[in-house]
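K.L.:
All chains, please: the whole structure from these sequences, using the hints.
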Amino acid sequence: MFLLWCGCVGLLTAQAAAATRKLSFIPLWSPQAQFAGYYVALEKGFYRGQGIEVEILDGGPERPADVWLEKGKADIGTLWLSEAIKKRAQGVRLVNVAQILQRSALMLVAKKSSGIRTVADFDGKTVALWESFQLQPLALFKKYNLRVKVITQAHSINLFLRGGADAASAMFYNEYHTIINAGLNPEELTTFFFYDYGLNFPEDGLYMLEKNYNRDPAAAAAFVKATLDGWTYAFKHKNEAIEIVLRRMREAGIPANRMHQKWMLEKMQGLISPKGLATRVGELQRADYERVASELAKSGGWKSVDYGSFYRAVRSSD
Amino acid sequence: MIEFRKSIAFRLARIFSVSVILIFFMIFGLYYRFTRRMIEKSTAENAKNLTLGTVMRIEGILRSVQQVPENMAGVLERGPVEKKQLLALIKSAVEKNPELYGCGVSFAPYSFDRKSLYFAPYYYRNKDSLSFAWLGGENYRYFVSDWFQIPKELGKPQWSEPYFDTGGGNILMASYSVPFYRKINGRQTFAGVICADMSLQWLREMVSSIKILDTGYAFLLSRNGNFVMHPDAKLIMNETIFGVAEGLGDKKLREIGRDMIRGKRAFVRIQQLDAGRPGFLYYTPVTSAGWSLAVLFPWDELMADIAHLNQLVLLLGTVGMLLLFGVVVSEARAITGPLTGMADATAEIASGNLDFTMPETLSQDEVGMLSRAFSSMQQSLKSHIARLTETTAAKERIESELNIAREIQLSILPKIFPPFAGMPELDLFAVLKSAREVGGDLYDFFAMDDDHFCFVIGDVSGKGVPASLFMAVTKTLFKATAVKDTPPEVVLGKVNGELSKGNEKAMFVTAFLAILNTKTGVIEFSNGGHNLPVVIRKGGSVEYLRQTGGMVVGAMEGVEFERGTMTLAPGDRFFLYTDGVTEAMDENKVLFSDERLLRELKLLEGLPVKDVLNRLLAMLVAYSKGDQSDDITMMLLEYQGPKSARINPAASRG
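Protein sequences, first through last, are from chains P and G.
Numbering of the first sequence is given in my numbering, commencing with residue 1 and proceeding in unit increments.
Numbering of the second sequence is given in my numbering, commencing with residue 319 and proceeding in unit increments.
FYI, nobody ran anything at the bench for these hints, they're computed from the structure.
Some hints could be false.
[As the list claims (entries may be wrong)] Under the rule of at most 25 Å between Cα atoms (straight-line distance), these lysine to any residue pairs were calculated in the SDA-like manner:
1. P:111 with G:608
2. P:149 with G:507
3. G:582 with P:162
4. P:125 with G:764
5. P:149 with G:502
[Stated by the list, open to error] Not close to chain P: a few residues of chain G, all C-beta gaps over 10 Å, as computed:
6. 330
7. 463
8. 472
9. 519
10. 556
11. 564
12. 579
13. 583
14. 681
15. 705
16. 709
17. 855
18. 936
Here a beta-carbon is modelled for each residue, glycine too, at the ideal position from N, C-alpha and C.
P.N.:
Here you go:
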């Protein structure tokens with residue numbers, strides 16, 4: 001009886017200590033396997049194991065992560081590297097605490113029937129591009145000196161499927177699979193990964209406001225450590241991870257498609273820890289940062305801070 | 319008892335059963351295939367009919383909705399329309415067309431007038447009344463919406479992918495968008511899109527009303543392969559047929575899906591679509607919207623009747639097989655039962671029980687025949703054995719009589735050697751071994767007076783009882799005739815006369831008769847066709863007596879015989895024998911021969927007379943290996959000199 005009482009007290013004090021380090025996290029889209037690592041880390045208690053109490057908010061079009069971070073509605077969030085650099089240039093003092101994706105998943109998909117087989121074939125063709133993510137494709141077209149008719153691509157891929165555009169942008173882990181699952185076979189498509197054309201703009205990274213980071217760097221480090229553990233676990237236990245993601249999606253009232261989430265999780269693995277990765281998982285490589293910064297400077301005159309003040313290589317003490 | 323598995327009954331039953339099973343399965347397989355094909359055919363037909371009506375009704379409704387924005391486009395393309403007019407036009411269109419949920423005209427940027435980036439009036443149903451809204455704004459840039467952008471880019475009207483209207487109570491909707499154009503500076507310029515929204519609630523009822531068997535159903539695919547209608551609500555607008563195919567790892571299903579969204583029509587077999595059950599899928603396009611309507615027939619339900627029938631047929635077949643097996647076994651047993659009885663009876667008979675009764679068989683078949691043949695064989699055997707027993711008994715009686723005759727025959731021959739204790743001048747020994755029980759050979763010796771000793775050997779023609787009787791007569795005649803002072807040729811002549819009298823059977827005897835003068839050693843002899851005796855001189859030659867033989871005795875009356883004379887010195891021996899000796903045969907039919915006899919006699923010279931004959935007899939028996947063909951008779955006489963001058967033979971020889 002006495003021992004039991006002691007145990008209870010011990011537990012309570014540990015929780016009390018953790019309660020002081022509460023973090024809210026916002027992913028840049030609604031729940032899906034793109035964020036499996038976070039959901040798994042939460043579900044498996046990795047965050048709590050690191051001594052932090054994390055709440056994962058549902059992202060989505062109505063809750064843009066950059067705005068939530070800026071307004072302090074979330075402590076930490078995922079943003080694309082290029083978007084974060086732009087934000088920083090606009091004066092929002094965001095710092096990168098981890099670069100989750102090492103490779104850009106952005107791609108262009110064309111139907112072979114449109115006659116597009118190489119980059120040069122884009123000349124004179126209609127290409128649907130997402131408004132916010134035109135930097136890489138435009139740089140590509142410029143690099144190859146192509147005249148391309150760009151039309152705006154909304155959230156769906158239907159314009160491309162119906163033949164309204166010869167090519168469209170897609171994320172390898174998402175829209176590409178949607179195209180395949182609308183009945184187009186991979187061999188009927190030509191794909192262009194920007195990574196292969198010297199335009200690797202790695203996307204999802206973890207960002208915090210600098211002041212928030214400075215207040216408790218250890219909490220950030222704990223979050224990064226637990227998150228990376230969450231990804232490792234998710235890749236090792238894919239079925240379990242997908243179950244966790246699907247549950248989260250149902251809770252958020254989002255249509256959940258198991259095969260699509262499975263595809264997404266598998267592709268995330270290749271993007272987070274690609275074969276032959278030179279650095280540690282989660283590291284923002286200087287070359288990547290500088291490449292994106294210089295393209296941004298070239299295309300829109302965006303001014304960027306130096307690598308050191310943008311990236312805080314956080315490492316938990318263990 | 320035969321093991322059942324080896325019995326004819328079992329083997330017959332097995333061969334019948336196997337053949338019948340083979341035939342049964344062949345017929346069953348064929349029948350099953352044909353029935354299946356018939357069912358498939360009728361199912362395809364059924365599916366076509368089922369879907370045809372539904373597709374036509376869907377197309378009808380879709381076309382009636384399509385007409386509204388198309389007509390409106392016609393009006394707008396004729397020239398500029400006032401805002402008020404436009405609103406009235408839209409409103410009346412929604413009011414007049416109950417299928418419409420809402421309708422709007424969305425202009426391209428600055429296309430309605432030069433001030434408005436967004437200009438998009440929209441009327442829609444709100445419970446029982448109509449509501450109005452202006453679409454467009456910073457949060458709703460409709461220019462990039464599918465319903466606006468796709469017809470614009472394609473330059474032709476389009477049905478959108480069905481979608482859930484989140485604002486209006488989560489209803490599945492689809493929109494028909496028609497682009498319209500205006501002439502600006504003589505050029506046809508895109509001006510905007512007229513969009514008619516339609517709830518797809520009616521579609522749900524229409525598709526779900528298609529009921530197929532117990533669990534078969536219809537489903538509708540959108541142009542992208544999304545399930546627009548499906549009994550499983552989770553799939554609707556959340557899953558494509560390609561996603562399902564990926565989940566099942568079914569490449570064929572993916573190909574079917576591709577054909578479906580390409581507007582093809584076919585009747586195909588699928589391994590599974592849901593619940594992992596195979597079935598038939600018939601799909602047909604809903605052309606105006608680019609959809610595909612499919613009906614799924616679960617294979618097991620389609621084949622339920624035939625499966626039931628199959629079970630019944632198999633059951634009947636099995637029962638029939640068992641019955642057939644039983645019938646064949648029992649019928650075969652009815653046939654082979656008597657055979658088993660006969661086998662037992664035969665074994666019993668073979669063991670000697672001839673009185674064993676054969677089992678009765680009334681059947682007229684081959685087994686009945688066999689049984690009757692067995693019975694008659696048993697009877698024949700029985701009578702044959704009875705006869706055989708009688709014959710054997712008679713033979714045994716005769717044999718015993720013959721034995722007696724033989725004893726009598728042998729008893730009339732002198733058997734005391736040396737013959738006369740009071741006659742030291744000679745030593746003599748004789749043997750007679752009959753080939754058959756009673757022989758025709760004879761020998762005799764007797765003293766005629768004090769100085770004369772008569773000895774005779776003979777061989778009667780033929781064998782057996784007649785020969786032995788003839789021999790007895792002959793012997794008696796010789797004894798009676800050879801009286802004192804009768805020379806040997808006279809004795810032979812007299813005996814010949816007696817024997818040939820009334821000798822109808824023409825039997826005869828060869829005989830050699832000699833009379834020894836014991837004082838002088840002179841032998842007078844006469845030969846009646848007999849083998850020539852051998853003279854064994856003491857310490858010297860061994861040779862046949864040189865004398866030509868006369869006629870046989872008893873064959874012909876009045877025959878004259880010759881007399882021969884020779885002299886024996888003391889120690890000389892005189893050897894008489896019948897042809898059973900020289901004509902003894904070994905297994906290769908080789909005769910013992912005269913020469914061999916001489917040789918052997920020479921070798922045996924000096925042994926006592928009894929030993930000489932016993933040794934010769936043993937030799938002959940060994941030569942013919944016990945298979946004696948003729949009587950063997952031998953007599954050996956040794957003259958030992960006159961009584962007075964008698965010397966010790968052993969001393970004289972030394």
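K.L.:
If a hint holds in the structure, say so; if it does not, say that too.
P.N.:
Tested hints:
At roughly 20 Å between alpha-carbon atoms, residue 111 (chain P) and residue 608 (chain G) fall within 25 Å of each other, so this suggested pair holds. At most 25 Å may separate the alpha-carbon atoms for a hinted pair to count; residue 149 (chain P) and residue 507 (chain G) meet this at roughly 18 Å. Note on residue 582 (chain G) and residue 162 (chain P): the hinted pairing holds, with a Cα-Cα distance of about 17 Å set against a maximum of 25 Å. Taking the CA atoms of residue 125 (chain P) and residue 764 (chain G), the gap is about 162 Å. The hint is violated against a cut of 25 Å.
Restraint check for residue 149 (chain P) and residue 502 (chain G): satisfied, since their Cα atoms lie roughly 22 Å apart, inside the 25 Å limit. Listed as a non-interface residue, residue 330 (chain G) keeps its Cβ farther than 10 Å from every Cβ of chain P; the least gap is roughly 62 Å. Once the 10 Å rule is applied to beta carbons, residue 463 (chain G) is inconsistent with being away from chain P; the minimum gap is 6 Å. The Cβ of residue 472 (chain G) sits about 5 Å from the closest Cβ of chain P, inside the 10 Å cut-off, so the non-interface label is violated.
For residue 519 (chain G), the shortest C-beta to C-beta distance to chain P comes to about 19 Å, beyond the 10 Å cut-off, and the non-interface label holds. A Cβ of chain P approaches the Cβ of residue 556 (chain G) within 10 Å, the least distance being about 4 Å, so the stated non-interface status is violated. The non-interface label for residue 564 (chain G) is inconsistent with chain P: the shortest C-beta to C-beta separation is roughly 5 Å, within 10 Å. Taking the minimum C-beta to C-beta distance to chain P, about 5 Å, the non-interface status of residue 579 (chain G) is violated against the 10 Å cut.
For residue 583 (chain G), the requirement that its beta carbon stay farther than 10 Å from each beta carbon of chain P is met, with the minimum near 17 Å. No Cβ of chain P approaches the Cβ of residue 681 (chain G) within 10 Å, the least distance being about 78 Å, so the stated non-interface status holds. With a closest Cβ-Cβ approach of about 101 Å to chain P, residue 705 (chain G) is found to remain outside the 10 Å limit, as its non-interface label requires. The beta carbon of residue 709 (chain G) is kept farther than 10 Å from every beta carbon of chain P, the shortest such distance being approximately 104 Å.
Annotated as non-interface, residue 855 (chain G) keeps its C-beta farther than 10 Å from every C-beta of chain P; the closest such distance is 134 Å. Distance check on residue 936 (chain G): its Cβ is at least 113 Å (rounded) from any Cβ of chain P, clearing the 10 Å threshold; non-interface status holds.
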